[in-house]
Amino acid sequence: MDILNEFIEVVGDPGAYARRIKASGRSVIGYYCSYAPEEIIHAAGLHPVRLFGAGGDSGIADRHLQSYCCSLVRGALAESLTGGLDYLDGTVFPHTCDSIQRLSDIWRLNTSHGFFADVVLPVKLTSESARQYLIDVLQRFGKELEAHFGLTVSEESLRSSIRTYNIIRSSLDGIYELKSSNPGILTGGELFSIVRASMIMDRDVLKDKLQALLRELREGVPGREGRGRRLMLVGNACNHPDVYDLIERSGGQVVWDDLCTGTRWFSGTIREEGDPVVSIADRLFERQVCPSKHKSPTARGEHLVAQAREHGVEGVIFLYLKFCDPHSFDYPYLREYLKDAGIPSMLLEIEDRLPPEGQILTRIETFTQMLGPETGVPLTGASRTGREG
Amino acid sequence: MPQTGAEKKRKFRSAKRMREIMTEYYIEAKTADQTGKKVAWITSGGPVEPLIAMDVIPVYPENYGAMIGASHMGSDLCAKAEALGYSTDLCSYARADIACALEDGGPIGGLPKPDMLVCCNNICGTVMKWYEIQARLFDVPLFIFDTPFCHVDFAGEARRYVRTQIDEYIGFLEGVCGKKFDIDRSREVGRLSLKGQRLWQEVLDAAAHRPSPMTAFDAFFFLALIVTLRGTTKVVDFYTELLEEMKERVSQGISAVENERYRLLWDNLPVWYRLKWLSDTFAAHGACLVADTYTTAWCGSMKYIDENNFIDSMAEAYTRIYLNIGVDEMAKTIFEMIDKYEVDGLVMHSNRSCKPYSFGQYDIMRMVQEKKGIPCMMLESHMVDERSFSESQALTRIDAFMEVISQRGPRAGIAR
Ligand code: SF4
Ligand code: SF4
Chain F
1352 MDILNEFIEV VGDPGAYARR IKASGRSVIG YYCSYAPEEI IHAAGLHPVR LFGAGGDSGI
1412 ADRHLQSYCC SLVRGALAES LTGGLDYLDG TVFPHTCDSI QRLSDIWRLN TSHGFFADVV
1472 LPVKLTSESA RQYLIDVLQR FGKELEAHFG LTVSEESLRS SIRTYNIIRS SLDGIYELKS
1532 SNPGILTGGE LFSIVRASMI MDRDVLKDKL QALLRELREG VPGREGRGRR LMLVGNACNH
1592 PDVYDLIERS GGQVVWDDLC TGTRWFSGTI REEGDPVVSI ADRLFERQVC PSKHKSPTAR
1652 GEHLVAQARE HGVEGVIFLY LKFCDPHSFD YPYLREYLKD AGIPSMLLEI EDRLPPEGQI
1712 LTRIETFTQM LGPETGVPLT GASRTGREG
Chain P
309 MPQTGAEKKR KFRSAKRMRE IMTEYYIEAK TADQTGKKVA WITSGGPVEP LIAMDVIPVY
369 PENYGAMIGA SHMGSDLCAK AEALGYSTDL CSYARADIAC ALEDGGPIGG LPKPDMLVCC
429 NNICGTVMKW YEIQARLFDV PLFIFDTPFC HVDFAGEARR YVRTQIDEYI GFLEGVCGKK
489 FDIDRSREVG RLSLKGQRLW QEVLDAAAHR PSPMTAFDAF FFLALIVTLR GTTKVVDFYT
549 ELLEEMKERV SQGISAVENE RYRLLWDNLP VWYRLKWLSD TFAAHGACLV ADTYTTAWCG
609 SMKYIDENNF IDSMAEAYTR IYLNIGVDEM AKTIFEMIDK YEVDGLVMHS NRSCKPYSFG
669 QYDIMRMVQE KKGIPCMMLE SHMVDERSFS ESQALTRIDA FMEVISQRGP RAGIAR
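Going down the list, the protein sequences come from chains F and P. Residue 1352 is where the first sequence starts when you use this note's numbering, and the numbers rise one by one after that. Residue 309 is where the second sequence starts when you use this note's numbering, and the numbers rise one by one after that.
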């Protein structure tokens, strides 16, 4: 599986890949949040790249951020201040949590990566006025890109980007579905690399590779046998591929997720007809919601239980970065919702680094062992293609 | 120990009246089910005027959080929330309120149950999560008044969005209350609200006098009314009296801190459970905290209010409040306050409870040092969760800070 190896290589050094793109003459725009309107960046002929704040928590962030700030925000700032993001031609900050909101200010005042934009999205995604506002905000963003880079984002290029992203997202969804119905087909670490690479690579190249990979997987790579209890990961951005391995060594396997660097990022398709910016806005408006956005007081709980049931999930691991307010506020109720649905869960809170391996292994093992007798949960083969946000 | 005459003189006679008003207010709120009035829980920076115009009693979980902190019930309640699964790192107002709502604990036997929830996110994202929790618990309608963050400006599309939400908000209230919104009444409420804010600003302005007749700690106390009863005559009457008292104090030369030598500015929410201790500790150095960014936030966006068109101008006034603007904008406000109150130093409360208020403080601190050349210090706590506060550490820092200030001497050019 050459494609898989290529993905793994890209993920190993995202900066090197981004620098190559830049060397080929394309400007690179970084972002931290799954609500970034990537399609517009792509349609402008620029290269969107997701940044992970994995610059290691060097003390340099201490000059700007207190210790009670999540490692993603601290790592992000550290990576910029230590020169690790020298390949960027711009950054865009969609409005999300309070910490990112302030990171955006600190970034604007202390770094210089060329283009800078705040995309102040609505927080409640329920009313027609919020939807209209979202459309307006995206339109403004497009204009800001045009003005800064001296280009035009044509309707045709937006349409073509939408098609590209629909293929990317539906391919990722397809790969996730395969992994869920036949967990042995990919290791958790491999799945992680596929999603990660999709946030880094040239999207036009990526689109073909993902389709090819999906075909290969469908045609039945002689499946390694998937073993272990069917688990789902829920949380913010996951920067720790090792977690998957640790889970697999502790009698579990990840069959689905609700992560900022997982299904929340790629869920939903964009309508290919009508005004393209409106269609892009509609996907953001409708897609699986993040805890820093409001759909209804119970939307996330209901969604989580539905996903867990759909994928025969036996247990949920909440994987949270410490000091993350939006996720921490949701945790007690999500745990209750799952409990009422008969699904046990555990919480793994991490700072910038994972706790010692032995400790995690013991905790996950204890968890998988208390899941009760294995039911072998075969997935009832409901076909789920073309899911809507 | 008997109070000395000077100490007695320093006490505010308005404090008693203020306590009475707050007691009346809470009794009215707690007996709403008997009087048939509706109760709305609303965030501290939320647009309350339409509620007043609809005869709904607004109740502020954040004001209640301050009460919890001041009555030293914070640690216990926060710990209860933690037992429910809420992280220690979350806002301690939210944690304490969540715990109270479940068990009717806390001061005054808990808040009256809400008939509706009104959440305006102009202060933080925390309130949205907090109100979602209460919406699940009480199963009552929730209105989110979404005020896009103004990093550098208030964009046209944001203005339209917020303006539309005012109509939606009124529609929501009409639905929940089952009656029409009275636009004339709302104009009157708007006028009173603005009047109250002006008076509050004047009260705070009194601290510009040397020596200052009040401290930021007094402001923290007297703040409760502009937060909870904005838009009523009670506020206007009370602050009129308080302003009188300030003027008297100034004319009689009553200073809040005996032998005021240094003047300081406070940033962020108070440390509710150590108000007296902090006040005494600074006073022991002859330092008076004359002003703060927090209590000023309730009159900071007055400039956007159009007296003759309150409802329309509300959109801007409620969006461009102190916490909903960029770090550099906040710094500008601080510069102005440094000049206006002629302060010798800046005390920043790095508040683990409030990330939007605290992240960016280091940058502001550097800007202040560069532009204003005054010393700055930082104190860390969780504003109502006492477990996070170390008195000895705070004392060491304050002593060191005051040492620097005293070496520089009081601000030059000021006759004393
Ligand atoms: S991990 Fe949480 S606090 Fe940190 S950036 Fe993401 S949503 Fe914000
Ligand atoms: S203290 Fe800060 S985080 Fe807590 S409710 Fe107030 S503004 Fe929000």
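Since the hints were made in silico from the structure, they are not lab data. One or more hints might be untrue.
What the hints assert, rightly or not - One side only, chain F facing chain P, incomplete, derived with CB under 7 Å:
{"#": "1", "residue": "Ser1409"}
{"#": "2", "residue": "Ile1411"}
{"#": "3", "residue": "His1415"}
{"#": "4", "residue": "Tyr1419"}
{"#": "5", "residue": "Leu1436"}
{"#": "6", "residue": "Asp1437"}
{"#": "7", "residue": "Gln1452"}
{"#": "8", "residue": "Ile1457"}
{"#": "9", "residue": "Phe1466"}
{"#": "10", "residue": "Phe1467"}
{"#": "11", "residue": "Lys1475"}
{"#": "12", "residue": "Asp1487"}
{"#": "13", "residue": "His1645"}
{"#": "14", "residue": "Phe1680"}
{"#": "15", "residue": "Pro1683"}
What the hints assert, rightly or not - Examples of chain F residues lying across from chain P (beta carbon under 10 Å, computed):
{"#": "16", "residue": "Ser1418"}
{"#": "17", "residue": "Leu1460"}
{"#": "18", "residue": "Leu1472"}
{"#": "19", "residue": "Val1474"}
{"#": "20", "residue": "Ser1480"}
{"#": "21", "residue": "Ala1481"}
{"#": "22", "residue": "Glu1624"}
{"#": "23", "residue": "Leu1722"}
Note that the Cβ used here is the ideal one computed from N, Cα and C, for glycine as well.
(message) Let me make sure I understand: some of the numbered hints might not hold for this structure. Which ones are they, in numerical order?
(response) Numbers 1, 2, 5, 6, 9, 10, 22 and 23, in rising order.
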